[in-house]
Amino acid sequence: MSRSRRGQMFSTDFILSSFVFFLILSVAVLSWNMAYAERNRFSEFQAMNQRAFQFTDMMVRTPGYPRDWTANNVQIIGLARPDHVIQVEKVEELASMNYNETKRVMHLDRYDYFLNITTEDFHTSLGKQPSNADNIVVERRTVLVNTTNLFQRGTLEFVLWN
Amino acid sequence: MSTSPLSNGSRSSSRGQSSLEFIIMLSLVMLIFSAFVSVFVNKRVSAVEKERKLVATTVADKVGFELDRALVEGEGYSRRIELRGDIRGEEYNITVGNGTVIVSYGINSVRGYTAVDSISGSLEPGLNEIRNTGGGLVVTQP
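Going line by line, the protein sequences match chains A and B. Heads up: the first sequence begins at 1 in the working numbering, then just goes up one per residue. Heads up: the second sequence begins at 1001 in the working numbering, then just goes up one per residue.
No lab work stands behind these hints: they were computed from the structure. Since the structure is predicted, the reported quantities are computational estimates derived from the model, not experimental observations. Cβ atoms here follow ideal geometry from the backbone N, Cα and C, with glycine treated the same way. Any given hint could turn out to be false.
Said to hold, decoys possible - Below 30 Å or equal to it, Euclidean Cα-Cα: the simulated DSSO-like pairs (lysine-lysine) are:
{"hint": "1", "chain 1": "A", "residue 1": "K103", "chain 2": "A", "residue 2": "K128"}
{"hint": "2", "chain 1": "A", "residue 1": "K103", "chain 2": "B", "residue 2": "K1062"}
{"hint": "3", "chain 1": "A", "residue 1": "K128", "chain 2": "B", "residue 2": "K1053"}
Claimed, not checked - Which chain A residues stay away from chain B? Per the calculated CB distances, all over 12 Å, these:
{"hint": "4", "residue": "S11"}
{"hint": "5", "residue": "L30"}
{"hint": "6", "residue": "R39"}
{"hint": "7", "residue": "M48"}
{"hint": "8", "residue": "V74"}
{"hint": "9", "residue": "I76"}
{"hint": "10", "residue": "E92"}
Said to hold, decoys possible - Short, incomplete list of chain A residues facing chain B, as computed with Cβ under 7 Å:
{"hint": "11", "residue": "S31"}
{"hint": "12", "residue": "N33"}
{"hint": "13", "residue": "Y36"}
{"hint": "14", "residue": "E44"}
{"hint": "15", "residue": "N49"}
{"hint": "16", "residue": "Y65"}
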């Protein structure tokens, strides 16, 4: 009695098990990558948060540098003298600057900003409103605005976005 | 009389056998698996590097901000700041000069900005004290 013996390259079992194995492996890899992407996104958000906080702090707590800065010589933008009392002249000086120039002074390479100062009788907005933004961070501070011998309570809102 | 199946006179050798087909299949599976692992490792390395860069950037921004604050506040200002011990497991150092803060970790570095041109002393991971002496900014480790 002769028996034919044949080798077998691929069996159905093998193909099915391979498919299941690689499916599970793909899901695991994709999940891992998504987790890392989310973590990176959170780190980016934290970095933006820190930046926005620092800018806002500098603006509402200090007069900037030099103390009597103008649009031509400003190195650090500060609007307050004393702490939390916004000087309208400095706001006007900031408003007179080109947007890209203010970004250069603020060293905002990858971000855009929008600044809003509002009281009952005073309102000014500078910068760009967020548009199609991936990340937005908002810092709000309560301030006093010094307008021609009148102090009015208001809000300074700084929006950093990209 | 032996009851062994081998005792009827026929000779049957049983040997283990690794077939060519099995080796080919195994090689193919290992090849595909290697490709998966390679892609996965590359992505992970890239993600870790990106996170390190972001962390280094926050350190640079913090240093720049604290130096600017010391400059603006003027003579007599003093503040202690705590900088993180490492950049996600990697040691780092900080250089300040010409309006730039450079945080170097491994073979990489990130740049931050400050209005300060130079400082006396250097910033280190951990606790630092920044003082405005009127003649400039002095940094020490208390």
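Of all the hints given earlier, name the ones this structure violates by number, lowest first.
-> Violated hints (numbers, rising): 4, 5, 6, 7, 8, 9, 11, 15; every other hint is consistent with the structure.
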